[in-house]
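**Q** Residue strings, one per chain:
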Amino acid sequence: MIVSLLTDFGLDDNFVGSIKAAMLNVNPGIQIVDITHNVQPHDIFSAAFLLEGTYKYFPKNTLHVVVVDPGVGAERKIIVVKIKDHMFLAPDNGVLALALKNKTVQKIVEVTNKKFFLSDVSNTFHGRDIFAPVAAHITNGVPLNKLGEEIHFLREFSLPDVSFTDGCINGSVIHIDRFGNIITNIKEEFLKDFSKEIKVKIKDHTIERLSLTYSDVQKNIPLCLVNSFGYLEIAMNCASAKDFFKIENGQNIQVLK
Amino acid sequence: MIVSLLTDFGLDDNFVGSIKAAMLNVNPGIQIVDITHNVQPHDIFSAAFLLEGTYKYFPKNTLHVVVVDPGVGAERKIIVVKIKDHMFLAPDNGVLALALKNKTVQKIVEVTNKKFFLSDVSNTFHGRDIFAPVAAHITNGVPLNKLGEEIHFLREFSLPDVSFTDGCINGSVIHIDRFGNIITNIKEEFLKDFSKEIKVKIKDHTIERLSLTYSDVQKNIPLCLVNSFGYLEIAMNCASAKDFFKIENGQNIQVLK
Amino acid sequence: MIVSLLTDFGLDDNFVGSIKAAMLNVNPGIQIVDITHNVQPHDIFSAAFLLEGTYKYFPKNTLHVVVVDPGVGAERKIIVVKIKDHMFLAPDNGVLALALKNKTVQKIVEVTNKKFFLSDVSNTFHGRDIFAPVAAHITNGVPLNKLGEEIHFLREFSLPDVSFTDGCINGSVIHIDRFGNIITNIKEEFLKDFSKEIKVKIKDHTIERLSLTYSDVQKNIPLCLVNSFGYLEIAMNCASAKDFFKIENGQNIQVLK
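Protein chains in written order, with the numbering used here: chain A, 36 to 292; chain B, 36 to 292; chain C, 36 to 292.
Looking at chain A on its own, in the form it has when it is part of the complex (with noise of 0.2 Å):
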């Protein structure tokens, strides 16, 4: 069985390499697949994004396991939740919310029965100490009703929000890629009432025109497009947009007609 694991304990630690150890003890026949351990610490809503974009690309009924936690220790529920074709096991803070937007819910468990975890769990690492073990013993045929109580809500998570107002969106930057890519809240979907000669104004620049792809326009100069994962992307040909407009997280982008 396939788990995939997304995080926010970075490489240069044993953290990951810990989590691997803990769950293959349990089920060494588990095959890992990392999406990222490099999501900003504690970055909840950017854990969101890059998991919504991900989890289904990977073959039906992989457990996917998140681990952004900066609750880690105080109260905080840790759930499984089982939707079609996927499974998910992560801290109860918001980090599903993307993923499981108008999808149907299958059933939540709360994940509290101690016989699954290690035997010492530490405050601080539950990563090793409990979803590792968990994972496995879930890829080994556990039942999720053997792990804790059903619970029927998650809980709330607010998003940075997309307005519309006077015929114009008003959204926010919520991801940077390595490439310098500047990722927005904008959905394909709401762009449809607007032709190709949108306008799109990031700080005091406006760009004219929605691109299909990055060599639509010359080297070094800005556009913008639809990205692969579906949201609208500012971004130049063969160079860093965010460099150029040094921007961060949280910017305001504007759509007008």
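Since the hints were made in silico from the structure, they are not lab data. As the structure is a computational prediction, the values presented were derived from the model and not from experiment. Incorrect hints may appear among the rest.
Any copy will do: because identical chains look the same in the list, a pair fits if it lies in one copy or spans two.
Derived pair list, reagent style DSS-like, types lysine-lysine, alpha-carbon separation capped at 30 Å [unchecked claim]:
1. K150 <-> K234
2. K95 <-> K142
3. K95 <-> K150
4. K281 <-> K222
5. K95 <-> K149
6. K138 <-> K112
Given chain A, work out where chains B and C should sit, using these hints.
**A** For chains B and C alone, kept in the frame of chain A given last:
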């Protein structure tokens, strides 16, 4: 079957995880091995160098997937190339040039058959939408000629050159590794007419001996040697030659008798 | 069989990919698990610390391969060490010192039999040319005594010390993790004579209580706790203690009653 993966997608986003997901969705039995994902964005030559140094150590019948693809979405072919014992899937942009040098190419196929792509192909992420599923279908035994038409030529690609004048070799820096070791494009075979008392000129510094290993000189002293990939390398024992010489890719290097 | 891999090769070059390739070439059935490859170059002590914290979580019979090897090419032994349930392959440079502390060593073999190396061994990359194929041959069942002669002593290796004077503990910072948490060499057992109202002095700051978890204090407030690896750690809730204290490895830390 083993698939090696070499990209410039980095490990901070969900690109690599998405590619692996899309591969495993077609063939969950693939064993995926990362060469590296930290090629400098769009640096085709560095990718060519890293691939050539690594692919031959893999088991026979490994499929090497290279996604360093600045032309994504524009006119560039995607190709599968078969040589004795190894196969490559890459954009036809020169990234295979060093690996294929002096090798007999058994077959080149231009990948065009959409049947083996994801059903929705984005304009900007062919790694996930084309390369990943095509690679997985190849590991499932799909014959190459089902992927597209056979072709007989790859695009020309010119590498930084080495020249020989008055018994001296003029080369350049092609890669600087994590330890600050400076790797040149001067191959071991070019040095066979030189004694061990060669002079290597780097900026206004001259190194006057070819060492066998880093510890042949005292700590913090510059040295040169033929490295484990068969190239002339300038290094320091337990220190960074890059920091000492303040050097970048492309810098001229001379070898004198 | 599972092989864990801990190196200082980083993920920017093709070093780690080459090591994995050379392992799989001998035994394609190995399951390779990364502990980390981002040990600071040549930092034997940090590697020893990361190995000790991780290896015991792996399944029984895991082979742990450690390539942090500043002496590559010079006189230093390569050794295989067998203890109950685990095996290690590493240079004899102290990197195993913490993992083997208080353990019964069943066997040490000095690896010298070139039959199990790559046919061409470079002077500078024994990770690929010796460690990788030897590890894979071990997983294939080659008996340890075929690899070389049994030896009975490892090299001495002195660790940063903890001292006790006038009821106070003097230790030092040994590792700073991705979150900026500051890890000392003061083990939990040294603290058993102290109440929870211990005073921890770091530079000119004093922390006056041992917390159980990060969220025991308000955000951006320094705290100390026994971390999940059993060491005294200085941290901040949702912030970087490293940035707050502007501290580096080696810094003195005092614990007072």
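**Q** Each hint: holds or not?
**A** So, going through the hints one by one against the coordinates:
| no. | hint | verdict |
| --- | --- | --- |
| 1 | K150 <-> K234 | neither (57 Å within a copy, 36 Å between copies) |
| 2 | K95 <-> K142 | within (17 Å within a copy, 35 Å between copies) |
| 3 | K95 <-> K150 | both (28 Å within a copy, 20 Å between copies) |
| 4 | K281 <-> K222 | within (23 Å within a copy, 42 Å between copies) |
| 5 | K95 <-> K149 | both (28 Å within a copy, 22 Å between copies) |
| 6 | K138 <-> K112 | within (21 Å within a copy, 38 Å between copies) |
Violated hint for the displayed structure: number 1, the only one.
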